[in-house]
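Based on the hints, put chain U in the right spot on chain F.
Protein chains: 2
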Amino acid sequence: MPKKIVIIGAHAAGCDATSAARLTDKNAEITMLTNEKHVGYSRCGLPFVLGGHIKSFADLIVFPQSYFRMMKIDLKIETNVTNIDVKAKTVEFQYRDGRMETLQYDSLIIAAGARSVIPPIKGREKRGVFTLRTIEDCERIEQAMKEAKSAVVIGAGLIGLETGVAFVERGLKTTVVELLPQVLPAMLDKDVADAVQKELEGKGLKIITGRSVDEILGNEKVSGISVGGEQVPADIVVVATGVRGNTELAQKAGIELGETRLIKVNMRMETNVKDVYACGDCVETINLITKRPTVCQLGTTAVRQAKVAGTNAAGGYAIFPGVLGASVTKLFDIEVGAVGLGEASAQRAGIETVSASFTGKTKAQYYPGALPIKVKIIAEKETEKIIGGQMIGGEGVAQRVNALSFAILKEMTVKELAKAETCYAPPLAETWDPITLTAQMLLRKLK
Amino acid sequence: MPKKIVIIGAHAAGCDATSAARLTDKNAEITMLTNEKHVGYSRCGLPFVLGGHIKSFADLIVFPQSYFRMMKIDLKIETNVTNIDVKAKTVEFQYRDGRMETLQYDSLIIAAGARSVIPPIKGREKRGVFTLRTIEDCERIEQAMKEAKSAVVIGAGLIGLETGVAFVERGLKTTVVELLPQVLPAMLDKDVADAVQKELEGKGLKIITGRSVDEILGNEKVSGISVGGEQVPADIVVVATGVRGNTELAQKAGIELGETRLIKVNMRMETNVKDVYACGDCVETINLITKRPTVCQLGTTAVRQAKVAGTNAAGGYAIFPGVLGASVTKLFDIEVGAVGLGEASAQRAGIETVSASFTGKTKAQYYPGALPIKVKIIAEKETEKIIGGQMIGGEGVAQRVNALSFAILKEMTVKELAKAETCYAPPLAETWDPITLTAQMLLRKLK
Chain F
1 MPKKIVIIGA
11 HAAGCDATSA
21 ARLTDKNAEI
31 TMLTNEKHVG
41 YSRCGLPFVL
51 GGHIKSFADL
61 IVFPQSYFRM
71 MKIDLKIETN
81 VTNIDVKAKT
91 VEFQYRDGRM
101 ETLQYDSLII
111 AAGARSVIPP
121 IKGREKRGVF
131 TLRTIEDCER
141 IEQAMKEAKS
151 AVVIGAGLIG
161 LETGVAFVER
171 GLKTTVVELL
181 PQVLPAMLDK
191 DVADAVQKEL
201 EGKGLKIITG
211 RSVDEILGNE
221 KVSGISVGGE
231 QVPADIVVVA
241 TGVRGNTELA
251 QKAGIELGET
261 RLIKVNMRME
271 TNVKDVYACG
281 DCVETINLIT
291 KRPTVCQLGT
301 TAVRQAKVAG
311 TNAAGGYAIF
321 PGVLGASVTK
331 LFDIEVGAVG
341 LGEASAQRAG
351 IETVSASFTG
361 KTKAQYYPGA
371 LPIKVKIIAE
381 KETEKIIGGQ
391 MIGGEGVAQR
401 VNALSFAILK
411 EMTVKELAKA
421 ETCYAPPLAE
431 TWDPITLTAQ
441 MLLRKLK
Chain U
1 MPKKIVIIGA
11 HAAGCDATSA
21 ARLTDKNAEI
31 TMLTNEKHVG
41 YSRCGLPFVL
51 GGHIKSFADL
61 IVFPQSYFRM
71 MKIDLKIETN
81 VTNIDVKAKT
91 VEFQYRDGRM
101 ETLQYDSLII
111 AAGARSVIPP
121 IKGREKRGVF
131 TLRTIEDCER
141 IEQAMKEAKS
151 AVVIGAGLIG
161 LETGVAFVER
171 GLKTTVVELL
181 PQVLPAMLDK
191 DVADAVQKEL
201 EGKGLKIITG
211 RSVDEILGNE
221 KVSGISVGGE
231 QVPADIVVVA
241 TGVRGNTELA
251 QKAGIELGET
261 RLIKVNMRME
271 TNVKDVYACG
281 DCVETINLIT
291 KRPTVCQLGT
301 TAVRQAKVAG
311 TNAAGGYAIF
321 PGVLGASVTK
331 LFDIEVGAVG
341 LGEASAQRAG
351 IETVSASFTG
361 KTKAQYYPGA
371 LPIKVKIIAE
381 KETEKIIGGQ
391 MIGGEGVAQR
401 VNALSFAILK
411 EMTVKELAKA
421 ETCYAPPLAE
431 TWDPITLTAQ
441 MLLRKLK
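Chains as they are written, first to last, in my numbering: chain F, 1 to 447; chain U, 1 to 447.
If you are wondering where the hints come from, they were derived from the structure by calculation, not from laboratory data.
Given the structure is predicted, the values throughout are model-derived calculations rather than measurements.
Relax, there's no trap hidden among the hints.
Here chain F is said to cover these stretches of chain U; the calculated rule only asks that three of the stretch's residues, wherever they fall, bring their Cβ under 8 Å from a Cβ of chain F:
#	segment
1	40-54
2	403-410
3	417-424
Restraint-style ranges between C-beta atoms, simulated for each label pair:
#	chain 1	residue 1	chain 2	residue 2	range
4	U	415	F	332	33 to 41 Å
5	F	52	U	332	24 to 32 Å
6	U	78	F	204	53 to 61 Å
7	U	127	F	372	41 to 49 Å
8	U	317	F	445	15 to 23 Å
9	U	56	F	143	52 to 60 Å
10	U	181	F	204	50 to 58 Å
Note that beta-carbon positions come from the ideal geometry of N, C-alpha and C, so glycine has one too.
Isolated chain F (complex conformation) (with noise of 0.2 Å):
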């Protein structure tokens, strides 16, 4: 008898679930189950449309149709899971129609994602307010967009200054309000973020931090909205203040959530009922640095995580150990980056960090081109061992953190940092790459 594999959820973990699954067990019989009905696409991506760089929505589709008619997946798109019957092992769900079916499994992966929560705003139902999670959000903001001559975007991590800066690309006076203190709140401390924010202002993107919208005005179309008693005109408002994971169906059968309130897996992605793992936007994680469950709702960590449920789901055995949390963006030609924990987080997981901060340069000095970098490393002050770095520069920012993230994965100390060999040459790096002068700087704070 073949396997019977259940997965709900069609995008970044759900796919590469399944992708997993299949290349374990040939002859499982996978089905997967989805309310939505484009499948398999770069979320990422959706600012990214907005902002005119990608053509179309349609480009966004990693998972076509015929990879899951070649991997032999049924795939059952716009159907509604009803419940799990965690000891009846079935699914049940609803189609469009109407029609309900129940479903077997031997082994389930709930891939279920997450959705966007607009918080109790005065005037939120106004017609101009939207958020931006799927191809149908950006949709609708494209529409609105097209009669909009401004916009107010609520929210500044990352996907409320990837839109905002879109707006601003496609011409749109645009402001984003942030609660916090500064921008990318979960990703940087403020020091780098500040400098985040001056950057983007200098491009034109207006910001206010510290402040909460009071109000969205307008009649039945949004106008505007008041922020601590400015009022700001726009003809659309993003509401971009972050996810919720999708966990009733898992808690209604009696999964487990954990203290994040997402649901708690094993290193094998398996929930605390045999059989039925988790994954993506809908789990928590443990941070690698704090050894303590996180919300990590990144894409790298949806298909890692993705990866070990669909192998082990199928019956064979993979380890998820946990984040470190890289993330990276590109906001207008200023790339931003960050791995690890920053001061303000050690400080919350009451570690005690040593940082330094240092400006540099992305080729040799005399290259033309060469374009600054500031980096900042974070230390654990006992260890001296490296446990974050955050950047913002003009270019290499992705691979910097990708080799920061390499360095605290393998416990590297600042004093190994400081002379770590990396390589040079004029129009590419510097004979000391700006991320070995701030561990230099940071060994000097450390004596």
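Relative to chain F, chain U alone:
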């Protein structure tokens, strides 16, 4: 009594050793001796001036005269060191006007560098035959380029290819001839080198490998070369077949050379003679993987060794454990990099390897401008540790080389790299970076 420190050489190694010595001992009497007129400039930048990317040779000066004044360094240019007496602890040298002088030292640092060597090819004395090591060399080439239509470069190492590319960029019909069967033989395995060669040929650089130059043709002035019976016309011939470390003075003074015929030093960069240190292109160094002496005449190695030599010479303590040989260059718009051992160099060292190659993209597949990048990763068979990486691609090569450099330094295994966390954003990187995907392919081969 202030400590007397004498440094022979005033380029990367000499200048960085001087800086480190000054930082370690504010009161030392520091004298630098160099037979050159121009000091403290970036040799690695020379081909890029020839190519027109950098405006003038003056731009390459990293340590201007003001630097030596500020650091209270007695810099004696155009002086020729004639003798080192390690018993009397003196250095004898001659000024340009013939006057001799003898300096007492407490610590001596030999950073005498290397010089270009021209193999005994028939016709090598003709006008129009050049080497490329100094600003003066380049000025002569620049002058000759004014009336030249074609060029030949003998040697397809880093300098040879960079110079060949510069000539093409300046409109010269150019051929590079390499004795060995591949380009960049000291840096890359043949498969990766062949990919580089194909790219360069596609951009208009003619390359002949596996053939030696029979003769440089012409009367008093060069008119071409004869290679394997074929005649290649050339108004300029640049010989870039390698350099030889300037070890004669040291040898004469009784300082021991190692098995590579370069000066032998310990981890403190001290020679077999007490208080005599050496660094840069004139010393051999330990390869961190083979643990054997190696020749690694890179700028990055020079500055790292120099920092250690200067610190120790001034009474401090620092060690330089060895090299991985991380190197990179940009040829036209193609980035090429390597670190650690290739399959061929590992084989020569008696190390059994498993390797895998993979061609991925530098951005999300769907993002406009995503460029192909070919990655090869080499692992030691028994321990499954990463011991080398080679890359060719459009962007991000230098920082990926650095990431692998950190991985090798910290003894990362293939399995660890295959699941290591990297960052992702559609305009900057894929969810699985090509280096992690290459490691995944390699992992399958190890099973």
